[in-house]
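Chemist: If you want the building blocks of each chain, they are given just below.
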Amino acid sequence: MELWFFIAISVAFLLLLAVWTTRNAVANVHFRGVESSQSVLADFHITLPPVAVAKRVFAREDWEFILKYGRPELERLFLYERKNVAYSWLRRTRSGVGTLMRLRRAMLRVNMHSTLGLDLAVFLNYAVFVVFCRILELGIWWRGPFFVQTMAGYTTQFTQSLSSLCCAVLAALNNEQRSRVQAQWAATR
Amino acid sequence: MSAAIKRIDIEAAINDLKNRTLAALPCDMSRLVYLASIRDYNTAQYYHAGLAARFTEEVASSALAACHREIFDNVTASSLEELLNQITIFAPSAGTSIDRFVVAWSKLEPYRITIPDEVDSLVAELFFANVKTALAILSGSTVDGSQQCA
Numbered sequence: 000m001e002l003w004f005f006i007a008i009s010v011a012f013l014l015l016l017a018v019w020t021t022r023n024a025v026a027n028v029h030f031r032g033v034e035s036s037q038s039v040l041a042d043f044h045i046t047l048p049p050v051a052v053a054k055r056v057f058a059r060e061d062w063e064f065i066l067k068y069g070r071p072e073l074e075r076l077f078l079y080e081r082k083n084v085a086y087s088w089l090r091r092t093r094s095g096v097g098t099l100m101r102l103r104r105a106m107l108r109v110n111m112h113s114t115l116g117l118d119l120a121v122f123l124n125y126a127v128f129v130v131f132c133r134i135l136e137l138g139i140w141w142r143g144p145f146f147v148q149t150m151a152g153y154t155t156q157f158t159q160s161l162s163s164l165c166c167a168v169l170a171a172l173n174n175e176q177r178s179r180v181q182a183q184w185a186a187t188r
Numbered sequence: 000m001s002a003a004i005k006r007i008d009i010e011a012a013i014n015d016l017k018n019r020t021l022a023a024l025p026c027d028m029s030r031l032v033y034l035a036s037i038r039d040y041n042t043a044q045y046y047h048a049g050l051a052a053r054f055t056e057e058v059a060s061s062a063l064a065a066c067h068r069e070i071f072d073n074v075t076a077s078s079l080e081e082l083l084n085q086i087t088i089f090a091p092s093a094g095t096s097i098d099r100f101v102v103a104w105s106k107l108e109p110y111r112i113t114i115p116d117e118v119d120s121l122v123a124e125l126f127f128a129n130v131k132t133a134l135a136i137l138s139g140s141t142v143d144g145s146q147q148c149a
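Just so you know, the sequences run in chain order A and B.
For the first sequence, numbering that gives the first Met the number 0 assigns the number 0 to the initial residue and increments by one for each residue that follows.
For the second sequence, numbering that gives the first Met the number 0 assigns the number 0 to the initial residue and increments by one for each residue that follows.
Be aware that one or more of the hints could be misleading.
Pairs of lysine-lysine, PhoX-like flavour, derived with a Cα cap of 25 Å [said to hold, decoys possible]:
hint, chain 1, residue 1, chain 2, residue 2
1, A, K82, B, K106
2, A, K82, B, K131
3, B, K5, B, K17
4, A, K67, A, K82
5, A, K54, A, K67
6, B, K106, B, K131
7, A, K54, A, K82
8, B, K131, A, K54
9, A, K67, B, K131
So the derived label-pair ranges between C-beta atoms look like this [unchecked claim]:
hint, chain 1, residue 1, chain 2, residue 2, range
10, B, A22, A, M100, 40 to 50 Å
11, A, K67, B, V102, 23 to 33 Å
12, B, A22, A, A185, 43 to 53 Å
13, A, N174, B, L107, 23 to 33 Å
14, B, D98, A, G152, 18 to 28 Å
15, A, E60, B, D116, 26 to 36 Å
16, B, N84, A, P71, 43 to 53 Å
17, A, Y153, B, G139, 31 to 41 Å
18, A, L115, B, A22, 18 to 28 Å
19, B, K106, A, L119, 48 to 58 Å
Since the hints were derived computationally from the structure, they do not count as laboratory data.
Values in this document were obtained by computation on a predicted structure and should not be read as measured data.
Quick reminder that beta carbons are idealized off the backbone N, C-alpha and C, glycines included.
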């Protein structure tokens, strides 16, 4: 029993180490040559939540301002309203990333060249993203969005990195390859 | 009209609008309400006689739409405290007391039609939430999240 426990702890530690060492592998894929990733993704009907919204929603500044009034009913109203926006952001982010992962699979089926290291990095970071989203959901419900700011920052960073990765690949495709990706994408929707 | 010429005209119209009309308004909240008020609710077209006379109606409408989006972005990027200050400045300039303004805005929610066209739904949701909270601060009374202020 103890052996299995230590094996489980070791595997979890190795996974965390793998995620830590590959955390920048996805982020380091730079997006060049196209003005805006959103316009590229719009061709595939993918819209991600604006980064500025996450910065505002999860910032403590507004919460600390509300606390100065010392009015519990105001704090309740503010938390209720801000939590709803945070949940909406989380739903959009989860949906957007899920769609990006499906787009990436569609590109891989059209024989997009990728490296094992990059695939592993994307997979591991996506796994952490999924877990973080669940924790975020609980954290928002329990304390409010201001106490899960760091985790929200990670999910935003991963979303932007994955978006940039997909856009970089799309920008590098020729017209024929891009048409095949769009056909593959249309077939999976 | 070529695209390049039209873009230059729109930039000129934007500068004209900012320097003449919008500069006279006390804050971004005032400008937001003003720009929403000169928009036709049925067609989403903006009408400004002076600007249309100096440029064309098409250019004027495009410039007004661009300014509306820019100002809305500024308002939504601001903190709750800054938004509260802006509403506090705007209310008297609208010719009413703060109390009456808060009651009217809490009941009718006219801020919902001040947003520009094609705004991200999440940004709009954040804006509405912040304005609702700011009104609750000003009212000094309880507004429960599940019911409207009477």
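Chemist: Compare the structure with each hint and give your call.
Modeler: Do the hints match the structure? See the list:
no.	hint	verdict
1	A:K82 <-> B:K106	holds (22 Å)
2	A:K82 <-> B:K131	holds (14 Å)
3	B:K5 <-> B:K17	holds (18 Å)
4	A:K67 <-> A:K82	holds (19 Å)
5	A:K54 <-> A:K67	holds (21 Å)
6	B:K106 <-> B:K131	holds (10 Å)
7	A:K54 <-> A:K82	holds (14 Å)
8	B:K131 <-> A:K54	holds (20 Å)
9	A:K67 <-> B:K131	holds (18 Å)
10	B:A22 <-> A:M100: 40 to 50 Å	holds (48 Å)
11	A:K67 <-> B:V102: 23 to 33 Å	holds (24 Å)
12	B:A22 <-> A:A185: 43 to 53 Å	holds (49 Å)
13	A:N174 <-> B:L107: 23 to 33 Å	violated (52 Å)
14	B:D98 <-> A:G152: 18 to 28 Å	violated (40 Å)
15	A:E60 <-> B:D116: 26 to 36 Å	holds (29 Å)
16	B:N84 <-> A:P71: 43 to 53 Å	violated (24 Å)
17	A:Y153 <-> B:G139: 31 to 41 Å	holds (39 Å)
18	A:L115 <-> B:A22: 18 to 28 Å	violated (59 Å)
19	B:K106 <-> A:L119: 48 to 58 Å	holds (56 Å)
In summary, the structure is inconsistent with hints 13, 14, 16 and 18 from the numbered list given earlier, while agreeing with the others.
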